[in-house]
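A.B. asks: Start from the sequences and build out the full structure, keeping to the hints where you can.
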Amino acid sequence: MNSAKILVVDDSATMRRIIETQLRTLGFNDIEEAEHGQEGLQMINRGGFDLILTDWNMPIMDGRTMVQAIRKQEQHKDLPILMVTTRNTKADVVEAVRAGISNFVTKPFKPSELRQKIEAVLKKTQKAA
Amino acid sequence: MRDRQMASLMDRIDEVDSYIKLFSSNLPRIRDVPNRLASAHLIVVEECLPFLKRLITFIGETVPVMERMSEVVAQGTSDLGTVSSNLGEIDQTSERAVHEILDRLELSRQELESASTSPDCGARTRARIDTAMSHLLAMIDALQFQDITSQRVRGTIHLLAEIDRRMASLIQEEDSTTRPLQEEARQQSGTWDDKAEYDPESAACRQSEIDDLMAELTEEQGA
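Protein sequence lines, in the order shown, are assigned to chains Z and D. Quick note, the first sequence lines up with residues 1 to 129 if you use my numbering. Quick note, the second sequence lines up with residues 1 to 223 if you use my numbering.
Honestly, the hints are just simulated from the structure, not real lab data. Every clue listed holds true.
Computed cross-link-like contacts, DSSO-like style, restricted to lysine-lysine with a CA-CA straight-line distance of at most 30 Å:
| hint | chain 1 | residue 1 | chain 2 | residue 2 |
| --- | --- | --- | --- | --- |
| 1 | D | 195 | Z | 110 |
| 2 | Z | 72 | Z | 90 |
| 3 | Z | 123 | Z | 72 |
| 4 | Z | 90 | Z | 123 |
| 5 | Z | 110 | Z | 5 |
| 6 | Z | 90 | D | 195 |
C.D. replies: In structure tokens, the structure reads:
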């Protein structure tokens, strides 16, 4: 079992459930959910998360804007953020990297892909710490 | 006194004389007025009236067509609302069904997990449970189609709203923004990816390209 606390931000209840199921299968049990960037940002600001998985296209506040807002805060500059989205052009990836994501997963994803990316970003954070 | 009156009278005579000269010089034009009026009459009678007649006939033929078009557009916008609402319902039904499937799959996953960790579960059974579990997780993954098709549906509803707006402007509705379809599209705007597609193989290839690009960008940032 992995003790990392994860926040899943996606406006699709289906995607939140699928990601959550995959995370539980990977041994992550401390998982919270937000329906859009603004809610996600509020939860992140309360602190305690080790990893954020966020969609891009969402109402109220999209994922890219949320990532930019997170990175503006010094205490969250190294917080691992995975962008999980249907968007997959080169321009999208560049834009997401500029916003401050740690890695990019395109939908539909395979569990092995998600696992690999999660492990890589968590490992990187642990090294940095 | 008499001299002053004479001088004033002479001035008046000069003034009248200048008017007479002016009148005389314009006399040919004045004489031409009846001719001009006659030719103007000819233009009106021979050219303008037939044109007006043709114009009135054209308007008479066009107005029913325009009225029919207006009726068709009005009916079309009403149909667009129905199509949009049906699409929305299909999306919601699909989401509910997917969640029911997810519930059952999750319960099955828990059952398998529990069976797998049971002390009386042999190695062979455990292996079969693991296989069943991997199939089950693949089924859960496949349900990502619902989010992807939902984004397409939302994109289509937005497109219908745009057509609705244009059709409403054709029939000159005062404020097309108050139409329900417009309202719905405005609320949804930006929350979907209308290029989203459910194609796991293509996504895997794309992911590989994204990984290469990410490596490049990370390297650049590091440097």
